[in-house]
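The primary structure of each chain is shown beneath.
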Amino acid sequence: MSSNKIVLTSSDDESFEVDEAVARKLEIIPDMIADDKAILLQNVTGMILAIIIEYCKKHVDDVDSEAKNELVMTWDAEFMKNIDMETLFKLLIAADYLKVKGLIDLTSNTIADYVKDKSPKEFREIFNIENDYTPEEEEELRKQNEWAFKDLN
Amino acid sequence: MKQRTWPCRSEGSRFTSLSFLKPQEKEKRSRISSINRATAKSSTISSSSSSSSSPLSNDVSGDFSMLPYDILMKIAAPFSHPNLQAASSVCKSWRDALKPLRESMLLLRWGKKFKHGRGGVRANLDKALDSFLKGAARGSTLAMVDAGLVYWETGEKEKAMSLYRRAAELGDAVGQCNLGICYLQVQPSNLKEAMKWLKQSAENGYVRAQYQLALCLHQGRVVKTNLLEASKWYLKAAEGGYVRAMYNISLCYSVGEGLPQNRKLARKWMKRAADHGHCKAQFEHGLALFSEGAMLKSILYLELAERGGEAAATHIKEVIHQQLSATSRGHVINQANNWRPLPATR
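For the protein sequence lines, the chains are A and B, in the order given.
Using this note's numbering, the first residue of the first sequence is number -1, and each one after it goes up by one.
Using this note's numbering, the first residue of the second sequence is number 92, and each one after it goes up by one.
Hints are computed from structural coordinates only; laboratory data are not their basis.
The hints are all genuine.
A few chain B residues that face chain A, going by a derived Cβ cut-off under 8 Å, partial list only: (1) 155; (2) 156; (3) 162; (4) 165; (5) 166; (6) 169; (7) 174; (8) 176; (9) 177; (10) 178; (11) 181; (12) 182; (13) 183; (14) 186; (15) 287; (16) 291.
Glycine is no exception: its CB is placed at the ideal position from the N, C-alpha and C atoms.
Build out the structure end to end from the sequences listed, making use of the hints.
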């Protein structure tokens, strides 16, 4: 493939010039990439887009059928380690929106590892979510769970 | 000529803009990521469309209760039941998103009942598999792994590996380990894939994978022998409670394989393995005690080793026996009868 350059622009007007092959890892970008050399991504900020592009550059030569080799896996782990939880979430949402499959998997697995064994309160703290349960609804969920598993223990 | 799938914002604009429709009300939130909805409405996409609310901006950072359902499902796929309950209790939106996984858990429990014939249910492997598969279809990696196990045990290797792979890719450490082991055992084997998945699972903290990985690195049949790495993983697995790893790490310390020789640590780990029920370790430890003159302690371990099938223990035991009074002999038998191995992380 010729080394065509595509310009990706974020919602806050940061532009990134990348190889076409790298841009294609954002599977949301349709084939008309050939016609328009510049693409505006209204819903991704420059900060997040930069991270995504860094990932795509590293993984541009991935073959879907093969599992990642060890070096790349180590790189991925390091890559994730340097990102804080809030950014991780924005990254996941953006990766999902842009359809960057490998990154979606990597990010959601990383988040899953982090939130394993957390209590509901801790979940809420990490993600800044308000508890919208009434005490009755909470009780109902608890009861459902108990009832469903009552016979099985 | 190529069809445009995305309309340009205006004639002559050099940008192709991809905008985002935020669902109006919470109740209408679909179970798929928002972008799929946008795809369906491509003809009306425009950032100035009056029907949509303003495009999703970075302010969403505060609103993770509005995570797309499929993302939440993906994150929670490898959760245990308690984890899932905790996640479901965070807020109602998450509760709704995770409903299929809770159903998975139920099916998983039923599957286990059918598999082992528990709680008044007669063992039935077909029904077990059926339950596991239904659970897997609802997204839980735990169900995928159990379904894979049944397939593997009944000879359907490809189906097993396909399920393990699904679980592995969702981050399930057991799935990853099982997949790695499959790659070692199938014909023809795929050593590259095996090592990758075992390593991934080991890095995720799964003790069994840590031991398997160490074994591969130690034996040098799968990959080139790497004693340094092997001993590192044996130690991790041993610290994680894997009994065979305790035995192996003791040997490593004893001969200085992969790490510096250390008699004290070798003894410590051999005793640990022995206390967790490892027969060879019981023999070795019994021998060591014998050579130190701790007769009564020694004979207990030798008795246990013999009961576990270590024939070599018998001879030494006989030697010590002759030095003991009848009371002591009886005492030892009593001790051995009452002895229980320490709980381990298999």
